[in-house]
Amino acid sequence: MIQGSSADKRQSLYLYTDTGSYEPLARIDRNGNQEQHIRYFHTDLNGCPEELTDANGKILWECSFQLWGKRIHEIEHEPIEQNLRYQGQYLNRETGLHYNTFRYYDPDIGRFTQPDPIGLQGGFNLYQYAPNGLTWIDPWGWACIPNKKAGMKREQRAKDILEKRYGKENVLSERYLRDNKGKSVKDPLTGERRRIDFVVKGQDGKWRPVEVTSRTGALNKGSQIAKEERIREAGGVFVKNKNTGQLIQLDDVSTVIGVK
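Numbering (UniProt numbering) for the sequence shown: 1 to 260.
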(Lines of atoms letter the chains of each structure in order from A; the text may use other names.)
(Lines give C-alpha, C1' and ligand atoms only; values in the text may rest on other atoms or scores of the structure.)
Protein backbone atom coordinates (compact mmCIF):
# COMPACT_ATOMS: atom_id res chain seq x y z
CA MET A 1 0.00 0.00 0.00
CA ILE A 2 1.49 3.36 -1.08
CA GLN A 3 0.13 6.88 -0.75
CA GLY A 4 1.00 9.78 -3.03
CA SER A 5 -0.04 13.42 -3.35
CA SER A 6 0.09 16.10 -6.06
CA ALA A 7 0.33 19.90 -6.21
CA ASP A 8 -3.46 20.21 -6.66
CA LYS A 9 -4.00 18.58 -3.22
CA ARG A 10 -5.19 15.32 -4.76
CA GLN A 11 -4.14 12.27 -2.79
CA SER A 12 -3.99 8.73 -4.15
CA LEU A 13 -3.71 5.55 -2.11
CA TYR A 14 -2.42 2.57 -4.11
CA LEU A 15 -3.40 -0.99 -3.20
CA TYR A 16 -1.52 -4.03 -4.49
CA THR A 17 -2.58 -7.60 -5.24
CA ASP A 18 -0.72 -9.25 -2.37
CA THR A 19 1.81 -8.71 0.39
CA GLY A 20 5.18 -8.06 -1.22
CA SER A 21 3.61 -7.68 -4.66
CA TYR A 22 4.24 -4.74 -6.99
CA GLU A 23 1.24 -5.45 -9.23
CA PRO A 24 -1.38 -2.72 -8.68
CA LEU A 25 -4.93 -3.72 -7.77
CA ALA A 26 -6.73 -0.45 -7.06
CA ARG A 27 -6.26 3.23 -6.36
CA ILE A 28 -8.31 5.43 -4.02
CA ASP A 29 -8.38 9.12 -5.04
CA ARG A 30 -9.41 12.03 -2.86
CA ASN A 31 -9.18 15.75 -3.59
CA GLY A 32 -9.13 17.82 -0.40
CA ASN A 33 -12.36 17.32 1.51
CA GLN A 34 -14.24 15.91 -1.48
CA GLU A 35 -15.65 12.39 -1.65
CA GLN A 36 -13.08 9.68 -2.32
CA HIS A 37 -13.29 7.49 -5.43
CA ILE A 38 -11.90 4.00 -6.00
CA ARG A 39 -10.40 3.00 -9.36
CA TYR A 40 -9.44 -0.52 -10.41
CA PHE A 41 -6.35 -1.53 -12.38
CA HIS A 42 -6.47 -4.12 -15.15
CA THR A 43 -2.97 -5.33 -15.94
CA ASP A 44 -1.10 -7.18 -18.66
CA LEU A 45 0.73 -10.48 -18.07
CA ASN A 46 3.71 -8.67 -16.56
CA GLY A 47 1.62 -6.54 -14.19
CA CYS A 48 1.75 -3.38 -16.31
CA PRO A 49 -1.60 -1.48 -16.20
CA GLU A 50 -3.64 -1.59 -19.42
CA GLU A 51 -6.84 -0.04 -18.10
CA LEU A 52 -8.18 1.92 -15.14
CA THR A 53 -11.91 1.62 -14.42
CA ASP A 54 -14.32 3.04 -11.87
CA ALA A 55 -16.37 1.01 -9.40
CA ASN A 56 -19.00 0.37 -12.09
CA GLY A 57 -16.52 -0.97 -14.64
CA LYS A 58 -16.45 2.18 -16.80
CA ILE A 59 -13.06 2.65 -18.48
CA LEU A 60 -11.45 5.91 -17.35
CA TRP A 61 -7.98 5.38 -18.83
CA GLU A 62 -6.41 2.86 -21.19
CA CYS A 63 -3.03 2.38 -22.79
CA SER A 64 -1.28 -0.09 -25.09
CA PHE A 65 2.42 -0.87 -24.84
CA GLN A 66 5.08 -2.63 -26.85
CA LEU A 67 6.99 -5.52 -25.25
CA TRP A 68 9.57 -3.41 -23.39
CA GLY A 69 7.10 -0.79 -22.18
CA LYS A 70 7.10 1.76 -25.00
CA ARG A 71 3.70 3.43 -25.20
CA ILE A 72 1.73 2.83 -28.41
CA HIS A 73 -1.34 4.91 -27.58
CA GLU A 74 -2.89 6.32 -24.41
CA ILE A 75 -6.50 7.43 -24.00
CA GLU A 76 -7.95 9.36 -21.06
CA HIS A 77 -11.73 8.97 -21.24
CA GLU A 78 -11.91 11.30 -18.25
CA PRO A 79 -9.33 13.79 -16.92
CA ILE A 80 -7.36 11.31 -14.84
CA GLU A 81 -3.60 10.80 -14.87
CA GLN A 82 -2.23 7.26 -14.57
CA ASN A 83 1.55 6.99 -14.32
CA LEU A 84 2.21 3.43 -13.09
CA ARG A 85 4.10 1.35 -15.65
CA TYR A 86 6.12 -1.86 -15.21
CA GLN A 87 5.92 -3.19 -11.65
CA GLY A 88 7.73 -0.76 -9.37
CA GLN A 89 7.97 1.96 -12.04
CA TYR A 90 6.42 5.46 -12.13
CA LEU A 91 6.34 7.59 -15.29
CA ASN A 92 7.98 11.01 -15.31
CA ARG A 93 5.91 12.77 -17.98
CA GLU A 94 8.46 15.55 -18.49
CA THR A 95 11.31 13.23 -19.45
CA GLY A 96 9.37 10.13 -20.56
CA LEU A 97 11.56 8.01 -18.29
CA HIS A 98 10.26 5.57 -15.66
CA TYR A 99 11.46 6.11 -12.09
CA ASN A 100 12.54 2.65 -10.85
CA THR A 101 13.85 3.43 -7.30
CA PHE A 102 17.59 2.91 -7.87
CA ARG A 103 17.62 3.80 -11.58
CA TYR A 104 15.61 5.30 -14.41
CA TYR A 105 14.27 3.10 -17.19
CA ASP A 106 13.89 4.26 -20.81
CA PRO A 107 10.96 2.43 -22.45
CA ASP A 108 11.92 3.68 -25.93
CA ILE A 109 15.09 1.58 -25.91
CA GLY A 110 14.08 -1.01 -23.29
CA ARG A 111 17.11 -0.32 -21.08
CA PHE A 112 18.09 1.47 -17.89
CA THR A 113 19.83 4.83 -18.29
CA GLN A 114 22.34 4.12 -15.49
CA PRO A 115 24.54 1.05 -14.94
CA ASP A 116 23.49 -1.63 -12.47
CA PRO A 117 24.24 -0.44 -8.90
CA ILE A 118 25.31 -3.98 -7.93
CA GLY A 119 27.78 -4.11 -10.82
CA LEU A 120 28.60 -7.40 -12.50
CA GLN A 121 26.66 -9.32 -9.86
CA GLY A 122 23.60 -8.48 -11.95
CA GLY A 123 25.14 -9.81 -15.18
CA PHE A 124 27.52 -8.65 -17.90
CA ASN A 125 24.97 -6.23 -19.40
CA LEU A 126 24.89 -3.40 -16.84
CA TYR A 127 21.91 -1.66 -18.50
CA GLN A 128 19.64 -4.63 -19.17
CA TYR A 129 16.15 -4.57 -17.67
CA ALA A 130 15.56 -8.33 -17.65
CA PRO A 131 15.98 -11.40 -19.89
CA ASN A 132 12.32 -11.13 -20.91
CA GLY A 133 9.86 -8.27 -20.41
CA LEU A 134 6.90 -10.60 -19.89
CA THR A 135 8.20 -13.23 -17.49
CA TRP A 136 10.61 -11.12 -15.42
CA ILE A 137 10.30 -7.91 -13.38
CA ASP A 138 12.72 -5.56 -11.63
CA PRO A 139 10.72 -3.50 -9.11
CA TRP A 140 13.79 -1.83 -7.55
CA GLY A 141 15.99 -1.38 -10.59
CA TRP A 142 18.81 -3.55 -9.31
CA ALA A 143 17.71 -7.21 -9.31
CA CYS A 144 15.29 -8.80 -11.77
CA ILE A 145 13.15 -11.69 -10.55
CA PRO A 146 10.84 -14.21 -12.26
CA ASN A 147 7.23 -13.05 -12.51
CA LYS A 148 4.99 -16.08 -11.96
CA LYS A 149 7.51 -17.93 -14.12
CA ALA A 150 6.05 -21.43 -13.96
CA GLY A 151 2.56 -20.27 -14.81
CA MET A 152 3.85 -18.11 -17.62
CA LYS A 153 5.74 -21.01 -19.20
CA ARG A 154 2.62 -23.14 -19.00
CA GLU A 155 0.51 -20.43 -20.61
CA GLN A 156 3.10 -19.88 -23.32
CA ARG A 157 3.05 -23.58 -24.20
CA ALA A 158 -0.74 -23.47 -24.32
CA LYS A 159 -0.62 -20.36 -26.51
CA ASP A 160 1.77 -22.03 -28.94
CA ILE A 161 -0.54 -25.04 -29.20
CA LEU A 162 -3.66 -22.93 -29.72
CA GLU A 163 -2.04 -20.64 -32.30
CA LYS A 164 -0.71 -23.60 -34.25
CA ARG A 165 -4.18 -25.13 -34.37
CA TYR A 166 -6.36 -22.04 -34.90
CA GLY A 167 -3.94 -19.39 -36.23
CA LYS A 168 -2.41 -16.44 -34.37
CA GLU A 169 -5.15 -14.05 -35.48
CA ASN A 170 -7.75 -16.28 -33.84
CA VAL A 171 -6.18 -16.45 -30.37
CA LEU A 172 -6.44 -13.62 -27.82
CA SER A 173 -4.89 -13.79 -24.34
CA GLU A 174 -5.81 -12.34 -20.92
CA ARG A 175 -9.21 -10.77 -21.65
CA TYR A 176 -11.70 -9.48 -19.07
CA LEU A 177 -15.40 -10.33 -19.32
CA ARG A 178 -17.50 -7.28 -20.26
CA ASP A 179 -21.09 -6.33 -21.02
CA ASN A 180 -22.40 -5.19 -24.40
CA LYS A 181 -21.25 -1.62 -23.65
CA GLY A 182 -17.66 -2.66 -22.97
CA LYS A 183 -17.78 -2.30 -19.19
CA SER A 184 -16.08 -4.91 -17.00
CA VAL A 185 -18.63 -6.98 -15.11
CA LYS A 186 -18.15 -8.03 -11.49
CA ASP A 187 -19.21 -11.28 -9.90
CA PRO A 188 -22.36 -10.34 -7.90
CA LEU A 189 -21.26 -12.75 -5.15
CA THR A 190 -17.59 -11.88 -4.63
CA GLY A 191 -17.34 -8.47 -6.30
CA GLU A 192 -14.40 -9.74 -8.37
CA ARG A 193 -13.83 -9.56 -12.10
CA ARG A 194 -12.95 -12.51 -14.30
CA ARG A 195 -9.96 -12.54 -16.63
CA ILE A 196 -9.98 -15.28 -19.26
CA ASP A 197 -6.63 -16.92 -20.10
CA PHE A 198 -7.36 -17.33 -23.81
CA VAL A 199 -10.19 -16.62 -26.22
CA VAL A 200 -10.16 -18.79 -29.35
CA LYS A 201 -12.11 -18.52 -32.61
CA GLY A 202 -13.10 -21.96 -33.89
CA GLN A 203 -13.73 -23.10 -37.45
CA ASP A 204 -17.43 -22.43 -36.94
CA GLY A 205 -16.67 -18.73 -36.39
CA LYS A 206 -17.59 -18.76 -32.70
CA TRP A 207 -15.24 -17.43 -30.02
CA ARG A 208 -14.79 -19.61 -26.93
CA PRO A 209 -12.88 -19.03 -23.66
CA VAL A 210 -10.09 -21.37 -22.55
CA GLU A 211 -8.66 -21.68 -19.03
CA VAL A 212 -5.14 -23.06 -18.61
CA THR A 213 -3.89 -24.85 -15.50
CA SER A 214 -1.48 -27.57 -14.49
CA ARG A 215 -2.64 -31.13 -15.04
CA THR A 216 -2.89 -31.63 -11.29
CA GLY A 217 -4.75 -28.36 -10.76
CA ALA A 218 -7.53 -28.88 -13.28
CA LEU A 219 -9.92 -30.15 -10.61
CA ASN A 220 -9.45 -26.98 -8.54
CA LYS A 221 -10.85 -24.60 -11.17
CA GLY A 222 -14.47 -25.17 -10.17
CA SER A 223 -14.72 -21.93 -8.18
CA GLN A 224 -13.37 -19.89 -11.08
CA ILE A 225 -15.83 -21.45 -13.51
CA ALA A 226 -18.70 -20.86 -11.05
CA LYS A 227 -17.67 -17.20 -10.83
CA GLU A 228 -17.57 -17.02 -14.62
CA GLU A 229 -21.09 -18.42 -14.85
CA ARG A 230 -22.40 -15.79 -12.44
CA ILE A 231 -20.70 -13.01 -14.37
CA ARG A 232 -22.19 -14.34 -17.62
CA GLU A 233 -25.63 -14.30 -16.03
CA ALA A 234 -24.99 -10.65 -15.11
CA GLY A 235 -24.29 -9.80 -18.76
CA GLY A 236 -20.55 -10.40 -18.92
CA VAL A 237 -20.46 -12.44 -22.13
CA PHE A 238 -18.11 -10.21 -24.16
CA VAL A 239 -14.38 -9.51 -24.32
CA LYS A 240 -12.52 -6.73 -26.11
CA ASN A 241 -10.32 -7.55 -29.07
CA LYS A 242 -7.13 -5.66 -28.15
CA ASN A 243 -6.11 -5.52 -31.82
CA THR A 244 -9.32 -3.89 -33.13
CA GLY A 245 -10.99 -2.56 -29.98
CA GLN A 246 -14.22 -4.37 -30.95
CA LEU A 247 -16.31 -6.45 -28.58
CA ILE A 248 -16.48 -10.21 -29.14
CA GLN A 249 -19.31 -12.34 -27.81
CA LEU A 250 -18.23 -15.59 -26.19
CA ASP A 251 -20.02 -18.88 -26.61
CA ASP A 252 -20.36 -20.75 -23.27
CA VAL A 253 -18.04 -20.83 -20.23
CA SER A 254 -14.33 -21.64 -20.30
CA THR A 255 -13.00 -25.02 -21.31
CA VAL A 256 -10.30 -26.01 -18.81
CA ILE A 257 -7.17 -27.64 -20.25
CA GLY A 258 -4.27 -29.06 -18.25
CA VAL A 259 -0.75 -28.37 -19.49
CA LYS A 260 2.55 -29.65 -18.08
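Certain hints may be false.
[As the list claims (entries may be wrong)] Computed beta-carbon distance windows for the label pairs: (1) Gln203 - Asp108: 36 to 42 Å; (2) Gly96 - Leu134: 19 to 25 Å; (3) Ile109 - Ala143: 33 to 39 Å; (4) Gln66 - Ala143: 33 to 39 Å; (5) Ile38 - Thr101: 41 to 47 Å.
Think of the hints as simulated: they come from the structure by calculation, not from any bench.
Keep in mind the model is a prediction, meaning the values are calculated, not measured.
Quick reminder that beta carbons are idealized off the backbone N, C-alpha and C, glycines included.
Here is what the structure says about each hint:
no.: 1; hint: Gln203 - Asp108: 36 to 42 Å; result: holds, 41 Å
no.: 2; hint: Gly96 - Leu134: 19 to 25 Å; result: holds, 22 Å
no.: 3; hint: Ile109 - Ala143: 33 to 39 Å; result: violated, 21 Å
no.: 4; hint: Gln66 - Ala143: 33 to 39 Å; result: violated, 24 Å
no.: 5; hint: Ile38 - Thr101: 41 to 47 Å; result: violated, 26 Å
In terms of the numbered hints stated before, the structure departs from hints 3, 4, 5, listed from lowest to highest.
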